[in-house]
Amino acid sequence: MKVFSVQHLLKHWRNLSGGSTNRRILGAAMTVGVGTALIKIVAVFKELVVAWKFGIGDTLDAFFIAMLVPDFIIIVIAGSFHAALIPTYIQVREQEGINAAQKLFSGVMLWSLGLLSITTVLMLATAPLYLPQIAAGFSSEKLDLTFKLLWIIAPVVILNGILLIWGAVLNAGERFALAAICPIMTPAITIIFLLLNQSWGVFALAAGLVSGAVLEMIILGAAIHRQGVLLQLKWYGLNDHLHQVVNQFFPVMAGSFLIGSAAFVDQSMAAMLSPGSVAALNYGQRAIAFPISLVTTALGTAVIPYSSKMIACRDWKGVQHTLKHYLQLIFLATIPLTGILIVFSELIVQILFQRGSFTAYDTNLVAQIQSCFALQIPFYIGNILVVKFITAMQMNHILMWAAGFDLIINITLNYLFMQWIGIKGIALSTSCVYLFTFLFVFLFITKKLRELSK
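Quick note on numbering: my numbering labels position 255 of the sequence shown as 255, and the sequence is numbered without any gaps.
These are calculated hints, taken from the structure and not from any lab test.
Please note that a few of the clues may not be correct.
In silico lysine-lysine, DSSO-like type, Cα no more than 27 Å apart, as pairs [claimed, not checked]:
1) K46 with K148
2) K317 with K448
3) K448 with K324
4) K142 with K317
5) K53 with K40
6) K447 with K324
7) K103 with K317
8) K234 with K317
9) K142 with K53
10) K46 with K142
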């Protein structure tokens with residue numbers, strides 16, 4: 001009876017998530033969403049342990065600043081390869097077969113690893129020049145700790161670059177579940193290090209990042225191999241397909257550079273304020289990041305493969321319908337959620353973090369920052385959906401323009417709002433930036449789809 005029930009549920013799920021493109025996107029999004037939710041639950045527990053052990057003190061400030069440049073490189077280079085590769089990879093696989101797609105994958109892997117390796121070496125070699133500028137308010141001891149953490153963290157640039165590309169290829173083959181759940185390794189390993197290695201201190205966070213990425217790479221590598229994709233680094237020359245990826249890569253990279261610069265600016269400007277400001281700003285994003293990353297990871301991962309197929313078939317009416325349908329769902333769900341997070345902000349922070357080194361004063365400050373960050377939720381999620389469609393249409397140049405405007409607005413509003421409400425102003429500025437970005441890309445794609453549908 002139990003076996004029959006499981007089979008019946010699986011059959012019902014296949015019927016529910018099959019059929020139309022919107023249903024398949026929903027099914028994929030739910031699969032990724034469940035995996036992402038499990039990861040976030042473990043990540044929340046990790047944050048509880050981190051708050052208990054470190055509060056919002058100097059050691060956590062040093063860790064977050066040490067992560068700035070590696071995160072920036074991962075977003076700008078590895079994330080851009082991900083966005084540039086998948087639409088072309090799906091197009092080549094559908095039109096020319098798996099062998100042509102394999103050659104494209106091998107070429108992109110070789111190129112991306114070379115670029116990420118060179119960038120990592122430059123990041124470490126120039127650290128004595130840029131870290132004192134980024135962490136202008138740090139003492140010499142705090143800055144020295146930041147240098148040490150950066151050297152330990154550095155391998156994650158290459159490891160996460162590999163993971164992003166491998167995960168994208170699995171998703172392109174509509175194998176969503178493993179790629180969705182695999183990132184649970186990093187927070188899980190970090191928790192183990194924090195609890196079992198008391199003498200490591202903040203270095204346990206850095207070690208957890210690297211060890212988790214290695215485990216994820218082993219798991220995804222095995223899955224890629226089972227899917228029939230060879231993990232070989234072989235150069236087949238700069239053919240038309242690779243040239244198409246390169247042409248999309250540079251506009252995406254320029255846009256990612258500007259977007260990453262905005263986060264870079266936020267952290268650097270926070271470091272100019274009182275000690276603990278960087279940590280407080282990061283804590284203020286934690287509860288907000290849960291619903292944002294849950295929805296954007298699930299929906300964004302699911303949209304790219306199916307939207308790329310619709311666009312390859314020039315089904316512009318279908319694209320319009322899908323975009324409109326999911327934007328309506330996003331705003332209906334996220335506006336009430338935003339209100340709840342703002343109203344119960346202090347209670348949420350108190351429940352999550354107020355223990356050990358995290359004091360009642362810290363709770364009050366982080367809750368105010370969290371409320372300002374919460375305003376971005378509908379626009380951030382809506383923006384991610386629209387951007388995925390623009391990427392699938394291989395019109396990434398528009399993202400570069402949007403990111404450029406974002407950076408200018410972000411710096412200006414950061415400065416103005418910091419004078420008004422201090423560290424909370426950076427969070428409010430971020431929400432304003434995402435409102436502008438959504439309006440900019442939404443108006444663009446609406447106009448473009450209207451033209452293409454004629």
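Hint-by-hint comparison with the structure:
no., hint, verdict
1, K46 with K148, "22 Å, holds"
2, K317 with K448, "12 Å, holds"
3, K448 with K324, "14 Å, holds"
4, K142 with K317, "56 Å, violated"
5, K53 with K40, "20 Å, holds"
6, K447 with K324, "13 Å, holds"
7, K103 with K317, "33 Å, violated"
8, K234 with K317, "40 Å, violated"
9, K142 with K53, "17 Å, holds"
10, K46 with K142, "23 Å, holds"
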